[in-house]
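Participant: One letter stands for each residue in the lines below.
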Amino acid sequence: KAGVTQTPRYLIKTRGQQVTLSCSPISGHRSVSWYQQTPGQGLQFLFEYFSETQRNKGNFPGRFSGRQFSNSRSEMNVSTLELGDSALYLCASSSRQGLYGYTFGSGTRLTVV
Amino acid sequence: SQELEQSPQSLIVQEGKNLTINCTSSKTLYGLYWYKQKYGEGLIFLMMLQKGGEEKSHEKITAKLDEKKQQSSLHITASQPSHAGIYLCGADTSGATNKLIFGTGTLLAVQP
Chain A
224 KAGVTQTPRY LIKTRGQQVT LSCSPISGHR SVSWYQQTPG QGLQFLFEYF SETQRNKGNF
284 PGRFSGRQFS NSRSEMNVST LELGDSALYL CASSSRQGLY GYTFGSGTRL TVV
Chain B
2 SQELEQSPQS LIVQEGKNLT INCTSSKTLY GLYWYKQKYG EGLIFLMMLQ KGGEEKSHEK
62 ITAKLDEKKQ QSSLHITASQ PSHAGIYLCG ADTSGATNKL IFGTGTLLAV QP
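Protein chains in written order, with this note's numbering: chain A, 224 to 336; chain B, 2 to 113.
These aren't lab readings, by the way, just hints derived from the structure by calculation.
All residues carry an ideal CB built from backbone N, CA and C; glycine is no exception.
Check each hint, because a few of them may be wrong.
[Stated by the list, open to error] A short, non-exhaustive set of chain B residues, derived as facing chain A with CB atoms under 8 Å:
(1) G41
(2) L44
(3) F46
(4) L89
(5) I102
(6) T105
[Said to hold, decoys possible] Derived Cβ-Cβ restraints for the label pairs, each shown as a range:
(7) B/S27 x A/R253: 28 to 34 Å
(8) B/S11 x A/G307: 22 to 28 Å
(9) B/I45 x A/Y233: 17 to 23 Å
(10) A/R238 x B/P113: 39 to 45 Å
Same shape as in the complex, but just chain A (with noise of 0.2 Å):
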């Protein structure tokens, strides 16, 4: 069984620029949520979708989004990309509210110079 799926493994950015990230969740599992983890603030939570409809999010600007397609999988854009943004972005996924748990894929690591 396939384990979550996250492209690309690192970015390097350019402050201003835009960038969407990928994750491709266990197949079955219908909500993927997104984290942002930093060496300051740690692992915050920035939004979940489940079949397609953001239900929840977290205390990140406008400039965070996200969707989620038919087949489960989910993008995540940064739009205006700050120095700040530069983190280990992780999204999970997870069957029924989390009954059997979260799973996590290995990240994306954006860097903005």
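The hints should help you fit chain B onto chain A, whose structure is shown.
Facilitator: The following block gives chain B in isolation, referenced to the frame of chain A:
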């Protein structure tokens, strides 16, 4: 203050020694998850606890949940270098959404 406090922040132990990591929530726990992370990599799922008094074990790692104290502990018996890494507890404090809050993590080093 943090909704989920982990202690200690870091730990250095000799190989073969036992250790305990604690995770305390300021909110009601609907689910408590333990993960291990190697620096810069994804989170590896260790255990999930959902009921008060629940205790689970996997190999040499045991986790317990004290629902009344809103607290969980992770205990490693006879530590090995392979146990080194960052241990994170994550909690569902809403019971209604797939959203986890995480502790700040415990960095574990095991000296051979």
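Participant: Taking the numbered hints from earlier one at a time, note which ones the structure violates and give those numbers from smallest to largest.
Facilitator: Every hint satisfied by this model.
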